[in-house]
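Whole structure, please, built from the sequences with the hints as guidance.
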Amino acid sequence: MSEAIPAETVLDVKNLQTVFFTNSGLFRAVDDVSFSVRRGETLAIVGESGCGKSVSALSIMRLVPDPPGRIVGGSVTLEGTDLLKLDDAAMRSIRGNRISMIFQEPMTSLNPVMRIGDQIIEAVRLHQKVSSKEAWKQAVDMLRLVRIPEPERRAQEYPHQLSGGMRQRAMIAMALACRPALLIADEPTTALDVTIQAQILALIVDLQQRLGTGLILITHDLGVVAQTAQRVIVMYAGKKIEEATVESLFETPLHPYTRGLMASIPAVPSPDAKEDVRLVEIPGMVPSLTRLPPGCAFAPRCKLAVDRCRQEYPPLDEVKSNHWAACWRAGEIAEAS
Amino acid sequence: MTEQRPLLEVTDLVKHYAVRGGVLRRQVGTVHAVDGVSFTLGAGETLGLVGESGCGKSTVARTVLRLVEPTSGAIKLDGEDIAPLSKTALRPYRRSIQIVFQDPFASLNPRMTAGDIVGEPLTVHSIATGAKKQERVAELFQQVGLRPDQMKNFPHQFSGGQRQRICIARALSLGPRLIVCDEPVSALDVSIQAQVINLLIDLQRKQNFSYLFIAHDLAVVAHISHRVAVMYLGRIVEIADKHELFANPRHPYTQALLASVPIADPKAKRAAPLIDGDVPSPINPPSGCAFHTRCRYAIDRCKTERPALQAAGPAHQVACWLNDGTGRSE
Ligand SMILES: Nc1ncnc2c1ncn2[C@@H]1O[C@H](COP(=O)(O)OP(=O)(O)OP(=O)(O)O)[C@@H](O)[C@H]1O
Ligand SMILES: Nc1ncnc2c1ncn2[C@@H]1O[C@H](COP(=O)(O)OP(=O)(O)OP(=O)(O)O)[C@@H](O)[C@H]1O
Ligand code: SF4
Ligand code: SF4
Ligand SMILES: [Mg+2]
Ligand SMILES: [Mg+2]
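Heads up: the sequence lines are chains Y and P, in that order.
Here our numbering is used: position 206 in the first sequence is 196, and no number is missing along the way.
Here our numbering is used: position 156 in the second sequence is 994, and no number is missing along the way.
It is possible that some hints are incorrect.
[To be verified] Some chain P residues judged to face chain Y by a derived CB distance under 7 Å, without partners named:
1) L862
2) S1024
3) D1027
4) S1029
5) Q1033
6) V1058
7) A1060
8) A1094
9) V1099
10) A1102
11) T1142
[Claimed, not checked] Cut-off 30 Å, straight-line C-alpha distance, at most; resulting in silico cross-link-like pairs (DSSO-like, lysine-lysine):
12) Y:K4 - Y:K75
13) P:K1105 - Y:K310
14) Y:K293 - P:K1105
15) P:K925 - P:K914
16) Y:K293 - P:K925
17) P:K970 - P:K925
18) Y:K310 - P:K1107
FYI, nobody ran anything at the bench for these hints, they're computed from the structure.
Quick reminder that beta carbons are idealized off the backbone N, C-alpha and C, glycines included.
Here it is as structure tokens:
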């Protein structure tokens, strides 16, 4: 637990455990998850609905609704400080300052009755003592930075006067106005069209690299992951089941779930392909977190499952250099591929 | 296609919505939701419909089903124009066209059993009752990969993918000729989408009905479709055989759309002709070619004259002034 954290590491999450107490019982939404993010790096978190991606992000922000949720273990170290040990006031001054978050639906985090410019000013002035004139200028500059046309005019407008893509850009402007060390983007482009999505992703990555911000990108779109992240973690039923560099993950996915996911996604037909290959299905359905099977949670859907998988949970092993997987058969898979 | 007459032939379909404002609720504008759309669909064929949010895909789908009344245009099913038919005259055609929606949660009645949901159309159209109906429903359950013993369960007892199977079974119950799918897998988990896509393809191979298939995910549309139509602001700007469209996109918007799809391969760095800016409002769509506000090839003519869909090679049509009709790439 006491290894030194490399200097350039912005965020270091260790053995995070977040549980929910509900009518149908207690369940671990995030179960012993560890990862880190370096300056200027993009870490993608993928996995299907309900696997714990958003709860991981909310845990870092200490925004898990309590009740019914609670962080019950682990540490979240941001620039050397364990956020889980801070009092509420100290945490508030970190949020929107050292960490910012972009949500899927911009309307939920934009104030509908406040002009866009004023909202960005709030973010700027929360942590920077500047005159209101200077703050307004900075707000307009931020809108220009995120390539909103006519930023002077747009700053005067209210959220409903902007298109979906523009709102998302305004939210990015707000999130970056305080120059955070870490930006968490939870499905930032899912609600947008592909041409707008491509613009927004290019924009986030460009700004993030220029400002040296660490980025956690939560998405279910493997295409987005391949095109934007350097490292990826794959989650399934609350656990991290694989971690690798993007290159290694896409070249040799080691966990059967990741492999199934990649095979089940249709590709845009390549110009020379004349025949359609049948999609590979992952049979069965996502298990309920309140009724997880013993052993590997993927076992009921896994073609490679053996008896051991149904009894013992596989440890997360470094199967190849810098490539971890939690699967009893990952070694065999690595050798075969 | 071997048959002479397509199953569905849509010609100059228009749907305008009035925008009202002020205390007097006077009409202050018009939403050009669908603005002159024409296409054909053969028996056993799948036509994919793609385009950005608000470009009119669902409106096309709903007017074909007459869930929305078209402003003008013809919708011919087997040569018969169903656009002007009264509700009663339309009845026999309703059996032939079915729809599967995006949200398998909202489109199922929570108080009915799955078996009753699937069997309801059989009752409504007085096709089967009693044991005969139960038999047919059980058969439909099997066709979509559900167990007949699940007929007595209620929607909340099924997962999202299973609920979409129930919707598909209901759509199949009357032996339709055409199934309109409006974003049928968008609400499903990634690992479940492939199950439903494969099911849709298998059913079509066995029963030879047609699909009008809408999805915002280009790869999904490409996978399931034989031909693909690309819409922009209420119009089809390009329509072609699937492989042709992806190998040789001719409309600048289609090119931008294809280039914007992130490829699930970190080594495939895109040579991005990304387009900037937002989709203009359909309330006052740009004059001439509606894409001219974002098109990097736009010439003067594009701002004033609207290009019509023209042949751009075999099984390929494009609405762009750059198209010289030869089907060659520039
Ligand atoms: N406020 C809450 N109360 C109870 N359970 C919750 C709450 N928030 C999340 N959960 C549960 O925690 C688990 C993880 O949810 P989470 O939102 O992290 O999923 P996700 O991976 O972000 O999924 P998605 O892709 O759908 O956004 C789920 O089972 C979810 O139902
Ligand atoms: N009942 C209505 N009244 C007024 N405008 C409408 C109505 N229904 C749809 N529209 C408008 O018509 C246009 C086309 O809508 P439509 O739902 O067909 O788009 P779409 O291509 O299906 O979009 P999405 O991908 O978001 O589902 C949009 O601008 C929409 O706002
Ligand atoms: S541990 Fe077993 S069940 Fe789990 S993914 Fe590996 S092989 Fe499959
Ligand atoms: S007609 Fe003109 S504006 Fe429209 S796509 Fe072609 S070149 Fe661009
Ligand atoms: Mg989430
Ligand atoms: Mg729609």
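- Task: If any of the earlier hints don't hold here, list their numbers in rising order.
- Result: 1, 2, 11, 16
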